[in-house]
Each structure stands twice: as C-alpha cells, then as structure tokens.
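Protein chains: 2
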Amino acid sequence: MDRLSSRYRLAALEGDIATERDAERLRAMGIPARQILTGGACHLDARQVQKELSEARFSSFDILFIENVGNLICPTSYDLGEDFKIALLSVAEGEDKPYKYPAIFSRAKATVITKIDLLEHVEFDVEAVRTQVKTLNPEGVFLTTSARTGNGMDEWIEFLVAALNQKRRL
Amino acid sequence: MDRLSSRYRLAALEGDIATERDAERLRAMGIPARQILTGGACHLDARQVQKELSEARFSSFDILFIENVGNLICPTSYDLGEDFKIALLSVAEGEDKPYKYPAIFSRAKATVITKIDLLEHVEFDVEAVRTQVKTLNPEGVFLTTSARTGNGMDEWIEFLVAALNQKRRL
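Chains as they are written, first to last, in the working numbering: chain H, 1 to 170; chain A, 171 to 340.
For the record, the hints were derived by calculation from the structure and aren't laboratory data.
From the three backbone atoms N, C-alpha and C, an ideal C-beta is built for every residue, glycine too.
Please note that a few of the clues may not be correct.
As the list claims (entries may be wrong) - Per label pair, the in silico range of CB-to-CB distance:
id, chain 1, residue 1, chain 2, residue 2, range
1, H, Y8, A, A332, 42 to 48 Å
2, A, D172, H, E123, 17 to 23 Å
3, A, N335, H, R21, 49 to 55 Å
4, H, G150, A, D249, 23 to 29 Å
To be verified - With the Cβ distance kept under 10 Å, some of the chain A side facing chain H (calculated, not the full set):
id, residue
5, R173
6, D192
7, V239
Unchecked claim - Calculated cross-link-like contacts (lysine to any residue; reagent style SDA-like; alpha-carbon spacing at most 20 Å):
id, chain 1, residue 1, chain 2, residue 2
8, H, K100, A, L258
9, A, K337, A, L250
10, H, K100, A, G240
11, H, K85, H, T19
12, H, K100, A, K304
13, H, K100, A, R179
14, A, K270, H, K134
15, H, K100, A, K270
16, A, K270, H, R21
17, A, K304, H, T19
18, H, K85, H, L136
19, A, K270, H, L136
20, H, K100, A, F231
21, A, K337, A, G240
22, H, K100, A, K337
23, H, K100, A, E252
24, H, K100, A, R195
25, H, K167, H, E55
26, H, K100, A, P308
27, A, K270, H, A41
28, H, K134, A, T189
29, A, K270, H, K167
30, H, K100, A, D192
31, H, K51, H, A28
32, H, K109, A, K304
33, A, K270, H, A18
34, A, K270, H, I116
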C-alpha cells in the first residue's frame, strides 16, 4: 500500500458485519477509508456504496478499493459499480476452493493468491490452483503474493497501474 | 476422525456450492458421507438436510456432522435441526474475526481454533481471540487444534463424547 500510495491517490470502502477495524488500519496508514457495516448481510450493495461515497467526501482519488464482506459467495452476485472484481485466496484456505466456489473465480479480472510465505507449511499446490482458475476463467490474471515478504507485490501493483492506465485511455 | 470412528458410528453431510470433494474425502476414510450442493446459496437449510438424510439411508449413527457452506455469516441464521453449532476459525484467518462476525461466535456451543501448527508463522494471539469469544459467548467452549499434528484433538473428542453422553441421558 505504501508503494502504491506514494504514486497514486488511494481511497477505500471496507465492508464488514461489525467493527471499524479495517478502515481504522487503513486510516492509520494515511489512506482515506470508510467502513460500511452491514449488521448481518453477507455482502455490500451498490446503494450502500453510493451513500457512503457521497457522505465520505473523499478528495479525488485515482483508485478506490472496495473490500466486500469476507466470503466467496454473496459478493459475487452484486454489481457495486466497480470496474472489476478481484478474488483473494490465501494458501491456508485449501487448494480446491476455485472449483468449490466457481462463480467468483470465473468473474474476477484477477485471482490473487495471498500469504505465499506460508507455502512451505501448508498443502497448497499453486500450479494446481492456477489450472483450476484458468479452466474457470481463461482470460483472468493469476498472481501470487505475500504482504509479509513483499513477494509478488511488483506484479500486483503493475496489474493495478495497467488497469488504471487502460481506464484513463478509454 | 480415525480415533473417533473406531469408537462411534459417524456420518456426515457436506455443504458446498459445487464439487463432491469433501464427501469423497470422508468416504475414502470409511465414513458414510453425502454432499449437498447448493448451486449458489451461501448456506444449507433444514429441508435439504431432511431430504438428504432420507435419501442417504445411513445405517444408524452416533454422531452426524453437518458441514455448512464455508463462511461465517449465512449459516448462522438457519436451524438445520442440529443439536448445536461449532464455529471453526483457522489461525491464518486473522485474530479479529470474532468481533467482525459476532453472530456465529455468540451462538456456537464451541469455537474451535484450527491449524495451530501455523501459529509461529502468522500473527494470531490465541489469548486475545479467547477473550473476544468469551466476551461474546461466556458459556461457550474454546478449543485449539491442529489436524496436522494432532494437538488438541483429545480435548475436541472429549467435548464431542461429553455432548453425546449428555444427549443420551436426556
């Protein structure tokens, strides 16, 4: 985030059932962020995003991240007005998740495998997962990252910057 | 599972969006298991459980496990006819999950922290999580386990056997 925020103006909306923790963590890093609490619903909807954006009065930004409520199911079906969806899967979550939850992996512009610093401690065959994701979504980008070691962050940032530049050219 | 299945007759219903993988894994271990595929729904309901049980014709069992679709939200609200719910949280999922998803942790008879073999590789303060869970659910049991090392499995089996014995006395 530091590397991206030094070059681009970032903002974030964080979806959760309860607690402001995610937004607080981002604000502590200097990134304007608002928490949307659903109370119990398993996803955000476009109306919540619109309401929060209008109340937030973020100064202008280059990239808005919307972190939906954490699960691989409900967020899939709702268009929040985003340019694209990203699916995150940590290596500790098990290597058959794409086939178990095909909708989100089929629709995501990129699948980002996270916590690859744990790879030597868990059973997670990255190439098997890549094959599953490519089967579901041949056009999708497949990235592997570790926020802890920084591994793969160059490629993730390149992906975001390329998407931003493409949108600006449109 | 081996240690439990040598003493008790087990059976399982496995909920997922897609794939028979979980049920197949259990059947490979000799445990009668049926997969319920929701297609896209984020939880099981009691009707699906009833239908599957009547079609499964399991021989009689002592303990039926129902693994709901994997998320901390939707399964909370549905009574499947179970005796009690168990909340599972792996140490790789982050230590603020109970406060973010209070409903399931408030209602579970036990919270089982899984994958504690990864504790030295992730930021997860077990005592902080125990405090969160106990705040939400003072009566709930709190267990820590690793399926890989077997750590904590004695206490988990004791918990299940005690619950079974209590039900038989009623």
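Consistency of the hints with the structure:
no., hint, in the structure
1, H/Y8 - A/A332: 42 to 48 Å, "violated (56 Å)"
2, A/D172 - H/E123: 17 to 23 Å, "holds (18 Å)"
3, A/N335 - H/R21: 49 to 55 Å, "violated (40 Å)"
4, H/G150 - A/D249: 23 to 29 Å, "violated (46 Å)"
5, R173, "violated (21 Å)"
6, D192, "holds (8 Å)"
7, V239, "holds (7 Å)"
8, H/K100 - A/L258, "holds (18 Å)"
9, A/K337 - A/L250, "holds (17 Å)"
10, H/K100 - A/G240, "holds (10 Å)"
11, H/K85 - H/T19, "violated (23 Å)"
12, H/K100 - A/K304, "violated (32 Å)"
13, H/K100 - A/R179, "violated (28 Å)"
14, A/K270 - H/K134, "violated (32 Å)"
15, H/K100 - A/K270, "violated (24 Å)"
16, A/K270 - H/R21, "holds (8 Å)"
17, A/K304 - H/T19, "holds (17 Å)"
18, H/K85 - H/L136, "holds (15 Å)"
19, A/K270 - H/L136, "violated (31 Å)"
20, H/K100 - A/F231, "violated (27 Å)"
21, A/K337 - A/G240, "violated (27 Å)"
22, H/K100 - A/K337, "violated (34 Å)"
23, H/K100 - A/E252, "violated (24 Å)"
24, H/K100 - A/R195, "holds (14 Å)"
25, H/K167 - H/E55, "violated (25 Å)"
26, H/K100 - A/P308, "violated (34 Å)"
27, A/K270 - H/A41, "holds (12 Å)"
28, H/K134 - A/T189, "holds (17 Å)"
29, A/K270 - H/K167, "violated (34 Å)"
30, H/K100 - A/D192, "holds (10 Å)"
31, H/K51 - H/A28, "violated (23 Å)"
32, H/K109 - A/K304, "violated (40 Å)"
33, A/K270 - H/A18, "holds (5 Å)"
34, A/K270 - H/I116, "violated (24 Å)"
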